[in-house]
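S.K.: The chain contents come next:
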Amino acid sequence: MRDRVGLGWRGELAASIFEHLEAIEVLEVIAEDWLHLARRKQAALRAVACERPLLLHGVSLGLASSIPVHDRRLACMARLYETVRPEAWSEHLAFVRAGGIEIGHLAAPPRTPATIEGACDNIARAARAIGATPVLENIATLIEPPASTLDEPAWTSAILRNCAAPMLLDLHNLYANALNFGRDPAQMLAEMPLQRVAVVHLSGGHWLKPEHAPARLLDDHLHDVPEAVFELLELLAQSVPQPLSVIIERDGNFPLFERLLAQMDQARAALGRGRAARALREAA
Amino acid sequence: MSAPAVEQLLAQLYTDAAIRRRFIANPREVARLGGLDAAEAQAMAAIDLADLRLAARSYAHKRAGRSRGKGLLAWMTRRLAPRQVPEL
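Residue numbers (my numbering), protein chains in the order written: chain A, 1 to 284; chain B, 285 to 372.
Read the hints as simulated data drawn from the structure, not as lab findings. For clarity, every value in this text was computed on a predicted model and none was experimentally measured. Treat the hints with care, since some could be wrong.
With the Cβ distance kept under 8 Å, some of the chain A side facing chain B (calculated, not the full set) [stated by the list, open to error]:
1) H36
2) S65
3) R97
4) T112
5) G118
6) E144
7) P146
8) L208
9) R216
Here chain B is said to cover these stretches of chain A; the calculated rule only asks that three of the stretch's residues, wherever they fall, bring their Cβ under 8 Å from a Cβ of chain B [as the list claims (entries may be wrong)]:
10) 102 to 108
11) 125 to 138
Idealized CB from N, CA, C, for every residue including glycine.
All chains, please: the whole structure from these sequences, using the hints.
M.R.: Structure (structure tokens):
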């Protein structure tokens, strides 16, 4: 297997994706866009999966929680997985609800042994229900989760190790968290469990500048991938031997499709530079 | 330690402006009422309030975007026009 570069499927991009399929080596689909559709409609995704390797991406299970994920949610994901038969499925290391309250998006739980244990229980149940271990993604956060006793790389590494799970490394999330909380992105990258990375997300964001408070980088998927994130991809490709599937995520403020294609080419170039540097190092 | 209680309080702080105001005024008391022990309450009291406000705004923005997306008309609008998500 070799490195692959592709795109997150969005309805607004569907026509252009089919038109430029030869330039897209892998596709990622948001599971929640399809979870509650009739099986007949879900089967349409199977047709897409026959065209290109398909990754199913969940955003609402809330696996990284000390609160058990509801069986009904796992059953819905299992049904979609069985119908679509993707190459793999992924979810976030996040909680999204607690005590009946829906936060509405991904939130970082306190990074503690208790949430490691809760996450591992949830991930094991999800793997049993769906028949495959999820690829687990690091999230962006605007706030350091309070009551934490571990930093993000240590907490993430412990979960992935205990669950023997592969990682979806979102490089813009890592970049944003590093900048927001005073860390060096390259150093933080080095501390992540890179040997487990199978999939990579690239996206963009913008700076929030509140009055009387430090600026924070928001991962919004509405902007181009910044150059610094491509540099992290190059560093990753230089650091690990395994093949990577790289997905560009764009949720809105869509540019011309050619610009997305150009960003995929930038990702290929970054991978190429990283692999070349690795080969040189190994030869020496 | 009551990890579920900590998560529940965080979820409340991210979504409920009234609880957030009470917490900012008296974090330990709100944490204690939420079932946290003294150590957890102290850890919660150390939360960065500027970041808490920003995170709560961001989550509200996400929820608003989602509720805007409900209903047939919204669905058709999304299908017929490029999505323009307003910036936070």
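S.K.: So, for every hint listed, does it hold in this structure?
M.R.: Hint-by-hint comparison with the structure:
1. Below 8 Å, beta-carbon pairs count as interface contacts, and H36/A has none with chain B, the closest being about 13 Å; its hint is therefore violated.
2. Because the beta carbon of S65/A sits about 6 Å from the nearest beta carbon in chain B, less than 8 Å, this interface hint is met.
3. Interface hint status for R97/A: upheld, as the beta-carbon distance to the closest one in chain B is roughly 7 Å, under 8 Å.
4. A hinted interface residue such as T112/A counts as satisfied when its beta carbon comes closer than 8 Å to some beta carbon of chain B; here the least separation is about 7 Å, so the hint holds.
5. For G118/A, the interface hint holds, the least distance from its beta-carbon to any beta-carbon of chain B being 7 Å, beneath 8 Å.
6. Interface hint at E144/A: satisfied, since its Cβ lies 7 Å from the closest Cβ of chain B, which is below the 8 Å cut-off.
7. Here the hint on P146/A is kept, as its CB sits about 4 Å from the closest CB of chain B, short of 8 Å.
8. Taking 8 Å as the C-beta cut-off, the interface hint given for L208/A holds, the closest approach to chain B being about 6 Å.
9. Taking 8 Å as the C-beta cut-off, the interface hint given for R216/A holds, the closest approach to chain B being about 6 Å.
10. Residue count for the stretch 102 to 108 of chain A with a Cβ under 8 Å from a Cβ of chain B: 5. That meets the three needed, and the coverage hint holds.
11. Coverage of a stretch by a chain is defined here by at least three residues with a beta carbon nearer than 8 Å to that chain's beta carbons; for the stretch 125 to 138 of chain A and chain B the count is 0, and the condition is violated.
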